[in-house]
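Take the sequences, apply the hints, and build the full model.
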Amino acid sequence: MFDILGIPAPLLFGQLLLGLINGAFYAMLSLGLAVIFGLLNIINFAHGAQFMMGAFAAWMLLEWLGLGYWWALLLAPIIVGFTGVVLERTMIRQLYKLDHLYGLLLTFGLGLIIEGVFRNEFGSSGLPYRIPPELSGAWDLGFMFLPVYRGWVVVAALILCLATWLLIEKTRLGAYLRAATENAALVQAFGVNVPRMVTLTYGAGVALAAIGGVLAAPIYSVNPQMGTNLIIVVFAVVVIGGMGSILGSIVTGFGLGIIEGLTKVFWPEASATVIFVIMAIVLLARPAGLFGRA
Amino acid sequence: MQITRRSLMAASAGAALMPMAPRLSRAQAADTIRIGVLNDQSGLYSYIGGLNGVALAQAAAQEFGNRGFQVEVLRADHQNRPDVGSNIARQWIDRDGVDMILDVPTSSVGLAVAGVCREKNKAYINVGSATSDLTGAQCAPTTAHWVYDTYMLAKSTGGATVKAGGDTWFFITADYAFGHALERDTSGFVRAAGGRVLGGVRTPFPGTSDFSSFLVQAQASRAKVVGLANAGQDTTNCIKQAAEFGLTRRGVKLAALLMFVDDVHALGLPTAQGLVMTESFYWDLNDRTRAFTQRVRSRLSNNQVPNMVTAGNYSAVTHYLKAVADMGVPAAKASGTEVINRMKAMPTEDDAFGKGTLRADGRHIIPSYLFEVKTPEESKGAWDYLKLLQTTPAEEAWRPLSEGNCPLVRS
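Respectively, the protein sequence lines represent chains A and B.
The first sequence begins at 1 in the numbering used here and counts up by one.
The second sequence begins at 295 in the numbering used here and counts up by one.
Accuracy of the hints is not assured; some may be wrong.
To be verified - Computed footprint of chain B on chain A, listed as stretches where at least three residues anywhere in the stretch have a Cβ under 8 Å from a Cβ of chain B: (1) 10-17; (2) 122-129; (3) 141-147; (4) 219-231; (5) 258-265; (6) 268-282.
Claimed, not checked - Some chain A residues flagged as far from chain B (calculated, every beta-carbon gap over 10 Å): (7) L65; (8) K97; (9) P132; (10) L158; (11) R172; (12) L173; (13) G174; (14) A175; (15) Y176.
Hints listed in this document are in silico derivations from the structure and should not be mistaken for laboratory results.
If you're wondering where the values come from, they're calculated on a predicted model, not measured in any experiment.
A virtual CB, placed ideally from N, CA and C, is assigned to each residue, including glycine.
The following block contains the structure:
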């Protein structure tokens, strides 16, 4: 056994892996935010609440309908995505022509209301949700003990990120979307239903948050505050990666997860702040973010 | 706009009544005792006391009845922030005529508000905070500390764990006043019993939801026991993730130093079974606690049962009002110190905690109970979660008066 900077190597490898797993959550959530901001110009502060709704939807499907984890993974994003569609149609749509600040305030308020409603309904102590039997257990990697479920989270996050990136950058639909952000009127003139596309994009971004929520349900406690803890970090990730950059949010999500993981070993007390320190440095050096276009 | 004769008359009649309004409210205030319940009503600790804590303070006031004075219960959310908490306390005392401040969980806020009440000479009964400093180095003549503290938790849970063979410890500590006090008090017991503390991490509070990194560090230390010096979601997340990372299966014992019955509910019995925890109240402890629970349960949201803190609010208000009735409202309003002194002079008794006393340093002295979380098979229904392992008698459960360094006791 050898040491790196006074920390035994196996422990360090373990922490790198754990950082990667947390990074998977950051990447998944910031991806949804980046899609929404990139294509709709809305800073979606309700994202944390929508992540929480995903976890609660999984719990409700199990408790009330007896539908397990895999069904939840399919149905929760659809249900929560649909609520996103309703929000976009009824409220967010009114704000596209205004400054970003209005969208931020509206979604921030919506997030608080959603959180409050869930707290009233379910209390704040949290609800139990178990790891599905197929994914319980753990692998002994020699340097650490890796729960199968955490491995699954990383794989699922990577697949989702890759699929979203391919969809937006490489398909015809993605090309329409990107074109509509540049010049909506012109794309509409070609016969594309831009308002509907925008609505569905918001719904898809929200659905990504909900998938994150379902994936998180078995490892964090399912409670109304679970989104608020994450959302601020995720915003920092989006800012560091460059607002609206899909690739940027994926790479920074994983990268910051790893940096945070290492901080937890070398200086645990600072682990909640390290991401914001990086954010400040990046903003000073490259105001548009690491992957953003100035 | 047209001014009619009728509206003019109404307005002047209103104006004539106006100067009387303040006098009326002042007259009311003279025989109204105002209790302000200050706790977390929206954040991660809101399930512990929160609105249920307010409801049970009101229940105590109603059951007390009208004995020549009115009781009014106010409430506010301190958001777990010491600055917000002390500001509300000041406003309540200076502007709204609040006579006693109750509950105040989150030790950092609890200590800050203790300072305000001491400065203003108002009675302060802390129920929700855990730090034993409230009756130790930072004790005050205006403070009473109800129900539990870090020393009592450390002695009961920590002592029992060391006795069961867990002699090497690693702490996962919430990085603020409460976590530090709980770690300090537990380490004391571990060392006194011949055990060793191998290390620990301080985790940022609030804002940590993933503890896997800290749990892996704990495992690498090869300690037999991982002491969780945290509360609420932090504790439930730690327990969930420790099971996930196989700590418990590899023989590492978790010592959840502060758990509430609601935390067991949140974890579910399959995950929580076998954990030991310390409380001074459990709804199913005896006939009196069951009767109490049945009587007040309809007041609680989400079909919860009273926990140690909400029941503590009930008990504290009951005892406070007895003291106020005994000394008279004007005397009680004049000096918080005198009310607390009167409370110290009378034995405490209520259905939730039975008989007890209030000690010179402000410590509420009652027995503490060590429970084990039942297995799913043992549980007979909703909220049937705990079985009693041992009772620590009131005389032994708390830090001896001589060891607390409370200036009130030395002088």
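Against the structure, the hints:
1. Against chain B, the stretch 10-17 of chain A contributes 4 residues with a C-beta closer than 8 Å to a partner C-beta. That satisfies the three-residue criterion, and the hint holds.
2. Coverage of a stretch by a chain is defined here by at least three residues with a beta carbon nearer than 8 Å to that chain's beta carbons; for the stretch 122-129 of chain A and chain B the count is 7, and the condition holds.
3. Using a Cβ-Cβ cut-off of 8 Å, 3 residues of the stretch 141-147 of chain A lie near chain B, which meets the minimum of three, so the contact claim holds.
4. Here's how the stretch 219-231 of chain A fares: 8 of its residues keep a CB closer than 8 Å to some CB of chain B, so the rule of at least three is met and the hint holds.
5. Only residues whose beta carbon comes within less than 8 Å of a beta carbon in chain B count, and the stretch 258-265 of chain A has 3; three or more means the coverage holds.
6. With a threshold of 8 Å between beta carbons, the proposed coverage of the stretch 268-282 of chain A by chain B holds, since 6 of its residues qualify and at least three are required.
7. No Cβ of chain B comes within 10 Å of the Cβ of A:L65; the nearest lies about 18 Å off, and the non-interface call holds.
8. Listed as a non-interface residue, A:K97 keeps its Cβ farther than 10 Å from every Cβ of chain B; the least gap is roughly 34 Å.
9. For A:P132, the shortest C-beta to C-beta distance to chain B comes to about 13 Å, beyond the 10 Å cut-off, and the non-interface label holds.
10. Non-interface status of A:L158 relative to chain B is upheld: no Cβ of that chain comes within 10 Å, the nearest being about 18 Å off.
11. The non-interface label for A:R172 is consistent with chain B: the shortest C-beta to C-beta separation is roughly 39 Å, beyond 10 Å.
12. Distance check for A:L173 against chain B: the nearest CB is about 35 Å away, which clears 10 Å, and the non-interface claim stands.
13. The claim that A:G174 lies off the interface holds: its Cβ sits roughly 32 Å from the closest Cβ of chain B, which is beyond the 10 Å cut-off.
14. The beta carbon of A:A175 is kept farther than 10 Å from every beta carbon of chain B, the shortest such distance being approximately 38 Å.
15. The claim that A:Y176 lies off the interface holds: its Cβ sits roughly 38 Å from the closest Cβ of chain B, which is beyond the 10 Å cut-off.
In this structure, every one of the numbered hints holds.
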